[in-house]
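Protein chains in written order, with our numbering: chain A, 493 to 605; chain B, 33 to 147.
A portion of the hints provided could be inaccurate.
[Claimed, not checked] Calculated cross-link-like contacts (lysine-lysine; reagent style DSSO-like; alpha-carbon spacing at most 30 Å): (1) B/142 <-> A/549; (2) B/100 <-> B/142; (3) B/37 <-> B/88; (4) A/505 <-> B/139; (5) A/505 <-> A/549; (6) A/505 <-> B/103; (7) B/37 <-> B/86; (8) A/549 <-> B/100; (9) B/86 <-> B/139; (10) B/139 <-> B/37; (11) B/103 <-> B/86; (12) B/88 <-> B/103; (13) B/37 <-> B/142; (14) B/100 <-> B/37; (15) B/103 <-> A/549; (16) B/37 <-> B/103; (17) B/139 <-> B/103; (18) B/100 <-> B/88; (19) A/549 <-> B/139; (20) B/100 <-> B/139; (21) B/86 <-> A/505.
What the hints contain is simulated information worked out from the structure, not anything from laboratory work.
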Amino acid sequence: KAGVTQTPRYLIKTRGQQVTLSCSPISGHRSVSWYQQTPGQGLQFLFEYFSETQRNKGNFPGRFSGRQFSNSRSEMNVSTLELGDSALYLCASSLAGGVYEQYFGPGTRLTVT
Amino acid sequence: DQQVKQNSPSLSVQEGRISILNCDYTNSMFDYFLWYKKYPAEGPTFLISISSIKDKNEDGRFTVFLNKSAKHLSLHIVPSQPGDSAVYFCAASAGAQGGSEKLVFGKGTKLTVNP
Chain A
493 KAGVTQTPRY LIKTRGQQVT LSCSPISGHR SVSWYQQTPG QGLQFLFEYF SETQRNKGNF
553 PGRFSGRQFS NSRSEMNVST LELGDSALYL CASSLAGGVY EQYFGPGTRL TVT
Chain B
33 DQQVKQNSPS LSVQEGRISI LNCDYTNSMF DYFLWYKKYP AEGPTFLISI SSIKDKNEDG
93 RFTVFLNKSA KHLSLHIVPS QPGDSAVYFC AASAGAQGGS EKLVFGKGTK LTVNP
């Protein structure tokens with residue numbers, strides 16, 4: 493079974509631009525969660541989508557948004573990029589959400605200049 | 033306020049010896065704890081977990097100990113192997129049936145196992 497895939501793997505953007513990241517979960521998984529990893533803050537939860545609905549949201553500004561499609565693929569969008577948004581963005585999929593069995597993708601490394 | 037703390041950013045051990053990674057938490061509502069391992073350029077992979085009703089869980093070379101009164105858990109790797117070299121994240125959840133928003137991660141400890 494294919495794992496979680498994320499595209500693109502690397503991205504360089506300029507301050508003020510916006511960016512869209514994509515995550516394809518493991519086949520059959522309906523929950524997709526997004527995390528931001530930075531050296532200073534570690535892994536922080538952004539949001540979770542389940543059956544095309546945002547189920548949970550972390551403590552991030554409204555510039556961070558996401559969506560999930562009927563095939564469970566998910567996109568994450570960051571508008572008006574700031575230097576501090578430079579991070580590794582990870583998505584994780586699971587069958588039905590919850591903390592037990594999350595499978596992470598390799599991440600998208602975003603650099604904002 | 034950081035609810036899950038891994039106070040050692042790095043740890044170096046010799047192959048064959050024991051590696052002990054520590055994690056402290058402040059939220060007494062946490063009732064489920066997980067350890068993830070992360071190699072460079074890969075996402076974290078689940079390693080082992082423990083529920084608050086237990087004080088020990090073992091899986092092969094990996095054992096997690098939970099001391100609820102001290103709000104402390106530790107991961108023991110015996111014997112350590114060079115392939116164990118990775119960043120280890122401790123994570124905690126309040127309400128194990130809950131969604132991802134209740135999963136709080138520490139900042140990680142980089143383990144290096146020297147041959």
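Hint numbers the structure violates, sorted upward? 6, 21
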